[in-house]
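J.: Sequence:
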Amino acid sequence: MPVPRDVSSPSKHHEALRTCNKGLSKKVSVHAKNQVSRDEIVPKTQSVTFTRNLRVDNHITNQVAALLDLGVAGNTKQLISDMVQARINQLSSEDQNRLQKIIQSLEMKDFYTVQSKK
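If you use the working numbering, the sequence shown corresponds to residues 132 to 249, in order.
Everything labelled a hint here was simulated from the structure, so no lab data went into it.
Accuracy of the hints is not assured; some may be wrong.
The calculated lysine-lysine pairs, modelled on DSS-like cross-linking and capped at a C-alpha distance of 30 Å, are [stated by the list, open to error]:
no.	residue 1	residue 2
1	Lys208	Lys240
2	Lys232	Lys208
3	Lys232	Lys249
4	Lys158	Lys143
5	Lys248	Lys208
6	Lys249	Lys208
7	Lys164	Lys143
Small disclaimer: the values here were computed from a predicted structure and weren't measured.
Working from the sequences, and respecting the hints, build out all of it.
T.: This is the structure in C-alpha cells:
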C-alpha cells in the first residue's frame, strides 16, 4: 500500500507509515552482501610537506636560540618537534586519539590545497 503524499501534518504522515509497515515482521534481519570499509571509499590521507612560519615573540625566539646553544637539539625544527612530541605524550589516550583525527584533517586540507594549485 503506497504512503499517501498529501497528508496535512507530520503526525498523520507517521501514522500512514505505521499502517503501511504493519504487515512487516519484526524478526526480519537485513545484512549487506558486500560491505566496504571507509578506507576503500575515502583514500588514506596523503601527505605533502612545505615550509611554514610560526610567529612567536622575541622572548620565545631567544629561549629557542639558547636551548640550541646548549645543544639540546641540532636545529630549531628538531627542538620544536621534540617539544611538541613531549607534550603529546602527556595527553590522555582519548585526547591523543582526538589529536590524531584533527591532524589527519589538517594534513588532508594541506594536501588538497597543494593539489588545487597544480
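J.: Each of the hints needs a verdict: does it hold here or not?
T.: Structure-based check of each hint:
no. : hint               : in the structure
1   : Lys208 with Lys240 : holds, 22 Å
2   : Lys232 with Lys208 : holds, 23 Å
3   : Lys232 with Lys249 : holds, 26 Å
4   : Lys158 with Lys143 : holds, 26 Å
5   : Lys248 with Lys208 : holds, 26 Å
6   : Lys249 with Lys208 : holds, 27 Å
7   : Lys164 with Lys143 : violated, 35 Å
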